[in-house]
Structures are given as structure tokens and as C-alpha cells.
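Construct the entire structure; sequences and hints are all you get.
Chain order of the listed sequences is B and E.
Note that this note's numbering has the first sequence beginning at 159, numbered continuously upward.
Note that this note's numbering has the second sequence beginning at 159, numbered continuously upward.
Worth flagging that the hints you see were computed from the coordinates, not collected in a lab.
All values derive from a computational prediction rather than experimental measurement.
Below, simulated SDA-like cross-link-like pairs (lysine to any residue); rule was C-alpha separation at most 20 Å, straight line:
1) B:406 x B:450
2) E:256 x B:251
3) E:318 x B:339
4) E:318 x E:342
5) B:415 x E:342
6) B:256 x E:251
7) E:318 x B:298
8) E:318 x B:331
9) E:235 x B:328
10) E:415 x E:342
11) E:406 x E:435
12) B:318 x E:326
13) B:406 x B:465
14) B:318 x E:329
15) E:202 x E:190
16) E:318 x B:332
Protein chains: 2
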Amino acid sequence: MAERLTEVTDADLDAIEIGAAILGTGGGGNPYIGKLRCREELRKGRRIPVIPLADLADDALVVSLGGMGAPVVGVEKIEQGEECLRALRAIERETGRKADALISAEIGGANAMEPMLTAAQAGLPVVDGDGMGRAFPEMQMTTWSIYGHRAVPAAMADEKGCIVVIRDTPDDHWLEHLARAAVVPMGAACGLATAPMTGAFVRRAAVPGTITQALTLGRAVLDAHATHRDPIAAVIAQEGGRLLMTAKITDLERHLKGGFAVGHLTLEGFGDFAGEAGRIDLQNEFLVFWRNGTAEVIVPDLIVVLDSDTGLPITTEMLRYGQRIAVLGLPCHALLRSPEALRIVGPAAFGYPGIAYRPMPAARRPAT
Amino acid sequence: MAERLTEVTDADLDAIEIGAAILGTGGGGNPYIGKLRCREELRKGRRIPVIPLADLADDALVVSLGGMGAPVVGVEKIEQGEECLRALRAIERETGRKADALISAEIGGANAMEPMLTAAQAGLPVVDGDGMGRAFPEMQMTTWSIYGHRAVPAAMADEKGCIVVIRDTPDDHWLEHLARAAVVPMGAACGLATAPMTGAFVRRAAVPGTITQALTLGRAVLDAHATHRDPIAAVIAQEGGRLLMTAKITDLERHLKGGFAVGHLTLEGFGDFAGEAGRIDLQNEFLVFWRNGTAEVIVPDLIVVLDSDTGLPITTEMLRYGQRIAVLGLPCHALLRSPEALRIVGPAAFGYPGIAYRPMPAARRPAT
Numbered sequence: 159m160a161e162r163l164t165e166v167t168d169a170d171l172d173a174i175e176i177g178a179a180i181l182g183t184g185g186g187g188n189p190y191i192g193k194l195r196c197r198e199e200l201r202k203g204r205r206i207p208v209i210p211l212a213d214l215a216d217d218a219l220v221v222s223l224g225g226m227g228a229p230v231v232g233v234e235k236i237e238q239g240e241e242c243l244r245a246l247r248a249i250e251r252e253t254g255r256k257a258d259a260l261i262s263a264e265i266g267g268a269n270a271m272e273p274m275l276t277a278a279q280a281g282l283p284v285v286d287g288d289g290m291g292r293a294f295p296e297m298q299m300t301t302w303s304i305y306g307h308r309a310v311p312a313a314m315a316d317e318k319g320c321i322v323v324i325r326d327t328p329d330d331h332w333l334e335h336l337a338r339a340a341v342v343p344m345g346a347a348c349g350l351a352t353a354p355m356t357g358a359f360v361r362r363a364a365v366p367g368t369i370t371q372a373l374t375l376g377r378a379v380l381d382a383h384a385t386h387r388d389p390i391a392a393v394i395a396q397e398g399g400r401l402l403m404t405a406k407i408t409d410l411e412r413h414l415k416g417g418f419a420v421g422h423l424t425l426e427g428f429g430d431f432a433g434e435a436g437r438i439d440l441q442n443e444f445l446v447f448w449r450n451g452t453a454e455v456i457v458p459d460l461i462v463v464l465d466s467d468t469g470l471p472i473t474t475e476m477l478r479y480g481q482r483i484a485v486l487g488l489p490c491h492a493l494l495r496s497p498e499a500l501r502i503v504g505p506a507a508f509g510y511p512g513i514a515y516r517p518m519p520a521a522r523r524p525a526t
Numbered sequence: 159m160a161e162r163l164t165e166v167t168d169a170d171l172d173a174i175e176i177g178a179a180i181l182g183t184g185g186g187g188n189p190y191i192g193k194l195r196c197r198e199e200l201r202k203g204r205r206i207p208v209i210p211l212a213d214l215a216d217d218a219l220v221v222s223l224g225g226m227g228a229p230v231v232g233v234e235k236i237e238q239g240e241e242c243l244r245a246l247r248a249i250e251r252e253t254g255r256k257a258d259a260l261i262s263a264e265i266g267g268a269n270a271m272e273p274m275l276t277a278a279q280a281g282l283p284v285v286d287g288d289g290m291g292r293a294f295p296e297m298q299m300t301t302w303s304i305y306g307h308r309a310v311p312a313a314m315a316d317e318k319g320c321i322v323v324i325r326d327t328p329d330d331h332w333l334e335h336l337a338r339a340a341v342v343p344m345g346a347a348c349g350l351a352t353a354p355m356t357g358a359f360v361r362r363a364a365v366p367g368t369i370t371q372a373l374t375l376g377r378a379v380l381d382a383h384a385t386h387r388d389p390i391a392a393v394i395a396q397e398g399g400r401l402l403m404t405a406k407i408t409d410l411e412r413h414l415k416g417g418f419a420v421g422h423l424t425l426e427g428f429g430d431f432a433g434e435a436g437r438i439d440l441q442n443e444f445l446v447f448w449r450n451g452t453a454e455v456i457v458p459d460l461i462v463v464l465d466s467d468t469g470l471p472i473t474t475e476m477l478r479y480g481q482r483i484a485v486l487g488l489p490c491h492a493l494l495r496s497p498e499a500l501r502i503v504g505p506a507a508f509g510y511p512g513i514a515y516r517p518m519p520a521a522r523r524p525a526t
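Here's what the structure looks like:
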């Protein structure tokens with residue numbers, strides 16, 4: 159996509175939904191309801207202006223936003239719709255400064271939509287980038303935290319009018335502990351805004367171009383559908399990824415542990431992969447893909463599970479015994495591969511001290 | 159005690175500790191460590207000035223303070239010592255106004271000491287009164303909440319430097335839910351300061367003279383010890399209460415439920431009460447005293463369990479099979495007996511919809 163994204167319009171939303179869900183690598187929550195809300199705002203005449211990272215002034219104040227809670231609850235308990243807006247206002251009041259732009263903490267899943275929705279409501283632009291380049295389960299796993307920005311003060315807002323400001327913590331792990339506890343009485347879902355960042359910092363620390371990336375990825379799938387081409391091949395071509403396996407889910411172990419969906423799926427290859435045994439470990443997101451007992455694609459690289467027919471992404475909670483899937487590996491952004499990033503989002507951080515991260519081949523992404 | 163209390167000195171602390179523990183009716187946490195901290199502050203040359211309710215100016219800003227958490231944790235995890243001071247500073251920053259005086263949310267138990275400690279640290283006076291006149295387990299059970307003051311914004315501070323401000327909630331029950339969840343990652347103990355109150359409101363809503371009351375009560379016990387008189391009779395005389403039973407604990411059922419110690423003790427009377435069967439239900443505090451199957455003393459009136467020899471109070475967690483105890487009923491303050499108070503701290507609020515509150519005879523307390 160050569161043109162530069164300056165605004166998200168109604169026509170873009172379906173594609174962004176698909177792209178964001180793919181980048182969710184099984185987690186991040188479902189962007190569907192957020193998409194409908196964005197559409198509603200646009201139909202009221204509001205707009206979602208997008209600015210590229212490069213256009214952020216050094217001293218612009220950028221607030222990172224997202225919904226926090228259990229993805230499953232996000233489906234069952236529909237947001238009031240202004241949770242993130244109220245969290246933004248609470249942060250503005252706490253710091254005494256107005257935001258100049260918004261950015262997604264997490265492009266993967268539902269949090270692709272939240273800052274766009276708030277942008278429409280607040281009359282602010284949303285930055286084309288995010289703090290993960292995918293989905294991760296915890297707040298200290300943003301590139302903001304990894305590259306030195308403290309997320310406090312952070313503000314949480316729920317649909318009942320509760321506002322909680324976490325003003326100080328020893329580090330962002332403690333912020334995660336506190337916020338995770340406080341979100342429970344909030345009905346396991348809230349909008350969250352973290353401490354404003356400068357434009358100069360965001361230009362350096364954000365994973366760039368990820369709204370464009372989600373849009374382009376979703377369009378590739380939709381175009382493939384419209385022209386009867388293979389959507390899976392289209393995703394791989396778009397992302398510089400690799401088809402890891404076409405397979406049937408022959409076993410599924412998934413349970414809730416500490417508020418996370420934890421488990422693994424066992425795969426039996428078919429087609430070109432007949433006779434191969436696969437396994438994917440998950441903790442909200444897909445973490446490690448194993449082939450015949452060897453870890454092959456490892457977090458933070460993206461493991462994506464698509465329906466083998468439609469090419470549409472399947473999230474962790476929608477996995478079922480017997481499903482026929484295509485498993486893709488997509489290389490993560492270089493910002494997630496540095497030593498400081500791997501300490502926070504590498505395999506050891508997810509309970510795999512024995513697995514060393516080996517990067518997939520670098521991305522061949524189109525210029526954005 | 160005819161003289162008016164203008165300052166708490168080292169010589170008062172042991173008596174206040176005993177009196178506060180008696181007014182804790184089994185709960186409220188142990189005031190022992192708080193007493194040692196107050197003593198330490200006084201020995202450093204700091205002071206704990208006390209002002210009577212009547213001396214509060216209409217527009218004085220009064221902040222209610224207390225420790226929040228599990229009483230058992232308060233014994234095992236010793237406070238850093240400035241939790242309530244940091245919570246006070248957070249509320250001052252949140253509201254942009256400095257406190258003129260401090261007051262205890264709860265005179266019963268450990269929270270008698272917290273505002274005195276903070277008063278010494280902050281150079282502020284502590285008001286002779288509190289928001290419960292005893293101990294209760296939850297935040298909406300203060301006379302502040304009952305008589306119309308909203309407790310938000312409220313600030314919580316722990317020993318690690320975490321500061322959480324609960325800025326808004328639909329009501330004080332929701333504040334309780336949120337704070338109770340947030341205190342868990344704080345190690346189940348924090349200092350808590352609630353929204354500043356005016357002097358005019360506090361004069362009307364506070365249970366008056368309760369520091370003096372704790373001091374006088376404790377002195378009665380200590381004087382009885384020193385003069386070989388009966389400390390139990392001294393407590394009863396001081397408070398206008400009644401000896402309900404001298405008894406042996408023949409069964410003790412106590413478990414943790416939702417963070418509270420819940421259960422009951424079964425009593426077999428001795429002495430003047432030989433042949434009688436008693437029972438005390440508890441939920442952190444003692445709630446209902448039953449004699450031969452009939453509810454006789456009912457929350458919010460105070461049920462106090464003393465060691466039958468020493469007259470010293472026994473808290474819920476220190477109850478043991480076989481202990482010989484004296485059970486006293488002490489009438490609560492009239493502020494807890496109004497219809498609006500009984501909705502919040504009457505038997506139905508504690509899960510006894512079938513029991514109607516019947517007040518004990520009114521207090522015959524000495525003028526304070």
C-alpha cells in the first residue's frame with residue numbers, strides 16, 4: 159500500500175478488524191464490537207484522523223490507551239462505550255495536561271479499536287503505531303515500558319463510573335499487579351490510560367505503522383476472498399511470514415489460571431504436512447509452536463492460527479477439537495527482539511527458561 | 159475523668175491500647191505495634207495534640223484515616239510506618255487542600271493508633287472522636303458514610319511506595335469493593351485516607367470523645383489490676399454495660415470467607431451462669447450473642463470478650479477451645495442506632511435478615 163493513511167473511514171474498519179485479530183496471535187480480545195462502535199461514531203459525523211509516527215512533534219503529548227480485563231468478559235459484558243475516554247480524561251486531570259494524540263497500547267485484537275473510538279469521541283488523532291506490534295497479556299509488556307517510560311500514573315475507568323488512578327508503583331510489574339486486582343470488581347473489564355509520553359519518545363519506542371499494517375493485512379484477506387485466491391498465501395506474502403503447518407486439532411487442553419487461558423493444542427498435519435506432529439502452547443496468546451517435539455517459532459514472534467478454508471483468524475477461546483487450521487509464523491518487529499525486550503516478552507518471561515529465543519527470518523513488509 | 163484530653167502522652171498509650179482493643183469487639187486489628195510506633199514518635203520529641211469535636215471550626219478540613227487489610231496480616235507483616243501519612247499526602251494532592259486535623263475512621267483496634275501516629279508525623283492534631291465508635295469490617299460502615307459524606311476520592315498507600323487513588327465510584331459500597339480488591343496486591347495491608355470532611359460535618363457525624371473513652375476504659379482496667387479489684391466490673395461500670403456470661407469456650411468454628419474470619423463460638427456458662435448455653439457469632443467482629451437459643455445482644459451494640467481472670471480483651475483470632483471468658487454487652491452510641499445507621503450496620507447488613515435490632519439499655523458514660 160503506497161498511499162499514506164491519514165484517516166480511518168468506514169470502508170477500512172472490516173479490514174482493520176481482520177488484521178488486528180490476526181496480529182492478536184490468538185489473544186487480545188475480539189475487535190468486533192469495537193469496530194461497530196467506531197462505525198457508529200463515523201456515521202454520527204465524527205472522524206478518526208491518523209498521524210504517522212514521523213509527524214509527531216518532539217513535545218507532543220501522546221496517551222496510550224486500551225481496554226483491560228478478561229477477553230471472554232469483553233464478549234459477554236458489552237462496554238458502555240466511553241471507558242477509555244473517561245480514563246483519558248482522568249489522566250489529563252491527574253497530570254494537568256491535555257493529550258495531543260492517542261496511541262494503542264496493543265494493536266492485536268480489541269485494543270486496535272479502542273484508541274480509534276476514543277479519537278473519534280475526543281476529537282484527537284490516533285498515531286499509526288502501537289506498543290506491542292501484536293498482543294501480549296500484561297501491561298509491562300509494552301515497548302513503552304521496555305524502552306524506559308514509566309506507565310504511572312495510570313487511570314482505569316469502568317462502565318459504572320468508577321475511576322481508579324494508580325499514581326505510583328515501584329515498577330510497571332507492580333502496576334500490572336494492582337490494576338489486575340482492581341479490574342476484578344470493575345466487572346473484569348475497564349478502559350485504561352497510562353502516563354502521557356512525549357512525541358520524541360513515541361517516535362523511538364512505538365512499533366511503527368501498525369494501523370496501516372492491520373488494514374493492509376485485512377485487505378489482503380478480503381481481496382483474496384473477493385478474487386477467489388488463497389487468503390493464507392496472501393497473509394504470508396503480506397507479512398513476510400511462513401506457513402508452519404496445515405493441521406487438524408486432535409487435542410485441546412485449556413484452562414483458566416490466574417485469570418489467563420493457559421494450555422496447549424495438539425496438531426496432526428495434513429496436506430504437505432501429513433505425518434508431522436505439532437503443538438502450540440498458549441497463555442491467552444500463542445506462545446510456542448513445536449514441530450515433532452522441537453520448539454520452532456517462539457514468542458515474541460507471532461504464531462497465528464487461521465481457519466484453513468477462510469483464512470480468518472481463530473482466537474484462543476474459539477479453538478475446538480477437530481478444527482482444520484493453518485498455522486503461520488510471522489516475524490515480530492525488531493523492537494521486540496532486543497535484549498531488553500526479550501527480558502520482558504521473551505520465552506523466559508512466559509515460563510520457558512529452557513528455551514532460547516531464535517528469531518524467524520526478518521520481515522519483508524511493504525513500506526508504510 | 160473530669161479533665162479534658164488535650165494531648166496524648168507516653169503515659170496514656172498503654173491504656174488507650176487496652177481501651178481500643180475492648181472497643182474492637184474482637185476485630186479491628188491489634189493496636190500493639192501502633193502503640194510502639196506512637197511511643198517512638200513521642201520519644202523523638204513529636205507530639206500528638208488532641209482537639210475535642212466542639213473545637214473544630216466549621217470550615218476546618220478533617221481527614222479520616224485508618225489501616226485497611228486483613229487483621230492477621232497486620233501482625234505478620236509489620237508496616238513501614240508512614241502508610242497513612244502517604245495516604246494523607248495523596249489525598250491532599252488529589253484535592254489540592256491541606257488537612258487541618260485528622261480523625262480515626264475506627265476507634266476499635268489498631269485504627270485507634272494510626273491517626274495518632276500520623277498526627278505526630280504530620281504535626282497535626284487528632285480529633286477526639288471517630289467514625290464507628292467500635293470496629294466494623296467495611297468502609298461504608300463509618301458514620302461519615304451513613305450520614306451523607308462520600309468517601310471518594312480515597313487514597314491507599316503501601317509500604318512499597320504504591321499509591322492508588324480511587325477517584326470516583328457510584329457509592330461507598332463500590333469504594334469498599336474496589337479498595338478491598340486493590341489491597342490484596344498491596345500485601346493485604348495499606349494506609350487509607352478518605353475525602354476531607356468539614357469541621358461542621360464531623361461535629362455532627364463523629365462518635366464523640368472516643369479517644370478519651372478508650373483511654374478511660376483502659377485506665378479502669380489498669381487501675382483495677384494495680385489495686386487488685388475486678389477489672390471486668392470496672393469495664394462494665396465505666397461503659398454502662400452488662401456482664402452477659404462467664405463461660406468456657408466448648409466449641410469454636412472459625413474459617414476465612416471472602417477475606418473475613420467468619421464463624422461462631424459455643425459457650426458453657428460457669429459461676430452465676432452455670433447451666434446456661436451461649437453462642438457468639440463472629441465476622442471479624444462479634445456480631446450476635448445468643449443465650450439458650452435467643453439472640454440477646456445484637457450488632458451494632460458491642461459484644462466484648464475478656465479473659466475472665468485478667469479482664470484483657472481477646473480478639474477473634476486469639477480465641478481458643480477451653481478458654482475461660484467473660485462476655486460483656488456494651489451499648490453502642492446513639493449515632494449507630496438511627497434507622498439510616500441500622501440499614502448499614504444493623505443485623506440485616508451482616509446477613510441476619512430475620513433478627514430485629516433491639517437496643518441494650520442506654521449508656522451511662524461519664525462526661526468526657
